[in-house]
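2 protein chains.
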Amino acid sequence: MQSLRVELGQRSYSIHIGSGIIGDTTFFAPVLSKGPVAIITDTNVAPLYLQALQNTLKALNKDSLVITLPAGEESKSLDNIQLIAGHLLSAGYGRDCTLCALGGGVVGDITGFAAAVYQRGVACVQIPTTLLAMVDSSVGGKTGVNHPLGKNMIGAFYQPRTVIVDTDTLDSLPEREFRSGLAEVIKYGLINDPGFFSWLEDNLDAVLARDTEALAKIIKTSCRDKADVVARDELEGGLRAILNFGHTFGHAIEAASGYGHYLHGEAVAIGMVMAADLSRRLDLLRESEQNRIFKLIKAAGLPTLAPRLETSVYLDFMKVDKKAEGGQIRFILLNSIGNALITGDVPPAAIIQTLQAFMERSA
Amino acid sequence: MQSLRVELGQRSYSIHIGSGIIGDTTFFAPVLSKGPVAIITDTNVAPLYLQALQNTLKALNKDSLVITLPAGEESKSLDNIQLIAGHLLSAGYGRDCTLCALGGGVVGDITGFAAAVYQRGVACVQIPTTLLAMVDSSVGGKTGVNHPLGKNMIGAFYQPRTVIVDTDTLDSLPEREFRSGLAEVIKYGLINDPGFFSWLEDNLDAVLARDTEALAKIIKTSCRDKADVVARDELEGGLRAILNFGHTFGHAIEAASGYGHYLHGEAVAIGMVMAADLSRRLDLLRESEQNRIFKLIKAAGLPTLAPRLETSVYLDFMKVDKKAEGGQIRFILLNSIGNALITGDVPPAAIIQTLQAFMERSA
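Taken in sequence, the protein lines are chains A and B.
Under the UniProt record's numbering, the first sequence has 296 at position 296, and the numbering climbs by one with no breaks.
Under the UniProt record's numbering, the second sequence has 329 at position 329, and the numbering climbs by one with no breaks.
One chain only, chain A, in its complex shape (with noise of 0.2 Å):
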């Protein structure tokens, strides 16, 4: 068991790191509020750990009510924030009340704007069972939903109380979001860590076989990685931007592609290949550098090309991007492996060159 603390002021808080913890009073115990608690948790979950939650819970005396969502991106919208407000609020739950969250991303963003808003706030506890969540949502306090016709477009910055990460979790995760996972820890690796880097490119397949220690590798240093660029910027001032690295290209290829076509990863792992081009074409990364870059990705199983659409499409939606100000795009590039610099001076020629080398082929 591993553990590490995000500092944050009053804000603090620690994550916690080890096979079968979800079944561990230890780490629950200092963080819930007095009052009652609830479980926020998708289909696909809930009959797989569910059970181990509420079995903690009882240990500790107390009752949880359960909500059950759809499975999917679908259920991260303002609707279900209202129903899970209704659930609480049927249920006589005040101020003193703590929600868990268990379950990959979509449960996580939704569970933590939920805690953030219910009365103006309550506690809230991350358990996240997706590599994905594990290395990036549950980590930072960024929370929210989705709008129509934006992604995250309504949110909030809002830290757990605790982030408890058990990785015998991963045993049931499909392969294809274990490998759209890893994208992002192939990020970290790459916008400021590039020791890291080089280990996964050594370290591979033990990752890729879901090796016990390797894979608590990953997941610390990802988020010892994520918390420290989050503690120095906590409300995304500057510094933490280059967390987007990937996303801005990645953001516009899920939007474009049609949510659900590309995992969330996956349109990163793009991203990050379309923005090491720029990169490169901008004289910032050197050509080998790009290709390693291009190579781990590859060989983490992951996609490197967007669908043929017109260039315009991306960059409508770059524009929109929340990183965009005052409608100028702002990229998150790298110099080199593991130093990301954060610029809105990208000539749109260039953006397009990148955009037109990493397209399918064909329609």
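Mixed in with the good hints, there may be bad ones.
Any copy will do: because identical chains look the same in the list, a pair fits if it lies in one copy or spans two.
As the list claims (entries may be wrong) - In silico lysine-lysine, DSS-like type, Cα no more than 25 Å apart, as pairs: (1) 34 / 319; (2) 151 / 34; (3) 298 / 319; (4) 319 / 62.
These are calculated hints, taken from the structure and not from any lab test.
All figures in this text were calculated on a predicted structure; none of them were measured in a lab.
Given the coordinates of chain A, work out where chain B should sit on it, guided by the hints.
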């Protein structure tokens, strides 16, 4: 023109109070983000003051998107958050936009919440046009919307960049709404400003006549009193709950009688009369002071009786109040005029006696 400062560290902001200041760019220029502006208002207020605000923004080279909601409490819904976000997204508004709330408490609450959650937070300027909004909902950062099962049950603590109180807007305020606002003004005297309570007893005629100086006095004093409490307890950990004096009963009266039957301040007025009565029954408040409270509220033209319903109806609504903890109702009571206390330790029999003493005689 008078200004006061709400001290909340990085979230500190100024409240400006004066005649005609909607037309003065001075107060807007320093607080607008560098992106575009959206004005959120309602069908009552738009015909009166929208043009003046747009002219001011125009003078600052800001075109403004206008979103006009139907006047009334029903607009305070999560559906309208979705609608506002949709307008902003369609117009390509990014994180660098500013939302201006032009209207009463409903517009202020929903705009503040929209600003809190749109792209996880954008700048907000409050321009309250009712007495209630000026002295209450525009100060302190409480934002939110209603849920079908309870008022203000979904929201956030989110501070505006500034509050601009143009006292001229009170000219158009209907008498009943003006008096409703006075309930909150009286509340500040009761909870922590005995001198202000005495001043109100002595100057009620000038206030009711909307004498310019008297208006400036009550708005500034109320804002200062509220700001003092909020500065000491931004997230309602403890002390801030005293601002809910009269609201435990008041919210139950609003809910039980059906929202819209009473104005918020009217329900709070009855709630304050009840809270004073309960304080006297528990031997906290002297009868002579209870009588002064009753007399001032009555003289301000505010109601003092709730509809006759089963007491259990009121008690059930009080139990889902945000101030309830573990099903125990928390009350704000008075030791004396200007000295409030918070307690969960009230015998149910006393609550029932108070409810019965201040219900209308016939159903």
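Name the hints, by number, that the structure is in violation of. 3
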